Amino acid sequence: MTDQGKDFDDRVLGPATGVGAKPPAPSADLLRAVEGMKPVRTRRRFGAVAVVALVGLVGPVIALVRGPYRRDLSGLPVGWVIAASALWCAAFAVSLIAALVPRRGDVLPAPSRASRVAAAAIAALGLFALFATVDVPGVSMLPAERGWTLFDSCLHCIGTVAKVAVVFLFVGLLALRRLVPVGGSRVGMALGAAGGAMGGLLLVFICPFATTAHVVLAHVGGVALAAAAGAILMRVTAGPAIAFALLGLALASGC
Amino acid sequence: MSTEPEAREAAEVMARYCRGDAAAFHRLYALLAARILAYLTGLLGDRAAAEDMLQLTFLKVHEARSTYVLGANPIPWIYTIAHRTCLDEIRKRKRSRVRLSKDGEPAAEPAAHITGVAADVHPDPADHPDRSAAAGALAALAKLPDNQRQALILTKVHGRSVADAAMITGSTPGAIKQRAHRAYVTLRQVLGRKEVA
Chain V
3 MTDQGKDFDD RVLGPATGVG AKPPAPSADL LRAVEGMKPV RTRRRFGAVA VVALVGLVGP
63 VIALVRGPYR RDLSGLPVGW VIAASALWCA AFAVSLIAAL VPRRGDVLPA PSRASRVAAA
123 AIAALGLFAL FATVDVPGVS MLPAERGWTL FDSCLHCIGT VAKVAVVFLF VGLLALRRLV
183 PVGGSRVGMA LGAAGGAMGG LLLVFICPFA TTAHVVLAHV GGVALAAAAG AILMRVTAGP
243 AIAFALLGLA LASGC
Chain E
238 MSTEPEAREA AEVMARYCRG DAAAFHRLYA LLAARILAYL TGLLGDRAAA EDMLQLTFLK
298 VHEARSTYVL GANPIPWIYT IAHRTCLDEI RKRKRSRVRL SKDGEPAAEP AAHITGVAAD
358 VHPDPADHPD RSAAAGALAA LAKLPDNQRQ ALILTKVHGR SVADAAMITG STPGAIKQRA
418 HRAYVTLRQV LGRKEVA
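Chains as they are written, first to last, in our numbering: chain V, 3 to 257; chain E, 238 to 434.
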């Protein structure tokens, strides 16, 4: 007995919701589909992540190979370059795995894990950018040198992050088609964060601006925007047609 | 309710099903149809609609069997498909037009309890004390917000873990715990007081 009333017997909930009731036999449509079925090739736990990573990495790898690199790259501490690359790379990997790889024994990726991991990755990147951004005085470029404001420089780098992220989002959306029927926005958030983190990793090597404000707002902010875009896209996309339309729109707008 | 051997059997049956074994489909149906039907009935509050959704759920499972991961427990996945199918149905119902009779009034529809008993049948509670308790529980369940009802049915009635329930509903384990607790407290207030009276 509690002050809220006498406890009730929760065993009544089973009969109330029809637990134990005999189900109907499979319908004729269902039986027809089953009778004519052929063996299917099932999905592998790491299959989707491998495909999405392979396709998504093409652009950043080409950009890294072709350059040009930031002019202060050779002046930056090697340890910092390695640490920054490792952090951005880890943020990319954990977000992508959380979005696409189901836990052992599960069929679907866990939406709550995906959003938690993505949020933690963005927070870690934000803290690193805030407290560990370094520059080479006299060599690192300021936006004013190009006649840009901080806002202009942020827009430029967010555009780069978006170009990389849109490929991950698009291929990820296709890979997840029919797979994440609920909680899609959380998975989309992780997918966007992964794409954004890969864009951020690219910027570590090519972005000439090394001010803390720029890195936090444009690089980490770009990741956050990509995550938000992923969450919205996964919520609104009903199928590949819409995903293709969105990609076309993004490319047409020069994103 | 979800035990390791049961999950193993479901995984093994699902693997045979994916290899094209029709008998495995029938085994999977026998294994899961009753509880999926009960879950759908709990969400929809309509046995006939739940039976339709059950067929649709298994049709979707059949179409999506290539997305199954060999060795994984298919039970939460099938619950998830059922959940989504049910949400689509609920949305469709909300969108559907209200049918009007000739005098412009909403047309009366035959109603049924969640247990499948017609609404105008009033069994004598003295003859069926369990049925009367179930009817009370049902009425109280129907008053709960959708997300609380889903959390309560999955965790308390179907014995799914909080993590499974979170995956099935696309929510977080914390939210599921909170919703199930709130639903339980509400039911305890409603049904407990009734029992005292």
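Calculated directly from the structure, the hints in this document are not laboratory data. Heads up, a few of these hints could be off.
Only some residues are given here: those of chain E computed to face chain V with a beta carbon under 8 Å [unchecked claim]:
{"id": "1", "residue": "P242"}
{"id": "2", "residue": "R245"}
{"id": "3", "residue": "C255"}
{"id": "4", "residue": "G257"}
{"id": "5", "residue": "F262"}
{"id": "6", "residue": "Y266"}
{"id": "7", "residue": "G279"}
{"id": "8", "residue": "L281"}
{"id": "9", "residue": "A286"}
{"id": "10", "residue": "E288"}
{"id": "11", "residue": "A374"}
{"id": "12", "residue": "S398"}
{"id": "13", "residue": "G407"}
{"id": "14", "residue": "T409"}
Given the structure is predicted, the values throughout are model-derived calculations rather than measurements. Positions of the beta carbon are idealized from the N, C-alpha and C atoms, including for glycine.
Hint check:
1. With 8 Å as the threshold, the beta carbon of P242(E) stays out of range of chain V, its nearest partner Cβ sitting at about 14 Å, so the hint is violated.
2. For the restraint placing R245(E) at the interface with chain V, the shortest Cβ-Cβ distance is roughly 10 Å, beyond the 8 Å limit, so the hint is violated.
3. Satisfaction of the interface hint for C255(E) is found here, the shortest Cβ-Cβ separation to chain V being roughly 5 Å, below the 8 Å cut-off.
4. Interface restraint check for G257(E): the shortest CB-CB distance to chain V comes to about 4 Å, inside 8 Å, so the restraint holds.
5. For F262(E), the suggested interface contact is upheld, since its CB lies about 5 Å from the closest CB of chain V, less than 8 Å.
6. Hint status for Y266(E): holds, given a least beta-carbon distance of 6 Å to chain V, under 8 Å.
7. Evaluation of the G279(E) hint against chain V yields a held restraint, the C-beta minimum of about 4 Å falling below 8 Å.
8. At its closest, the beta carbon of L281(E) sits 10 Å from a beta carbon of chain V; the interface hint therefore is violated under the 8 Å criterion.
9. The closest approach between the C-beta of A286(E) and any C-beta of chain V is roughly 12 Å, which is over the 8 Å cut-off, so the hint fails.
10. Here the hint on E288(E) is kept, as its CB sits about 5 Å from the closest CB of chain V, short of 8 Å.
11. A distance limit of 8 Å between C-beta atoms decides the matter here; for A374(E) the minimum to chain V is near 4 Å, and the interface restraint holds.
12. Annotation: interface hint on S398(E) violated; nearest CB of chain V at approximately 11 Å, more than 8 Å.
13. Checking G407(E) against chain V: minimum C-beta separation of about 3 Å stays under 8 Å; hint holds.
14. Residue-level restraint check for T409(E) holds (minimum Cβ-Cβ distance to chain V is 4 Å; threshold 8 Å).
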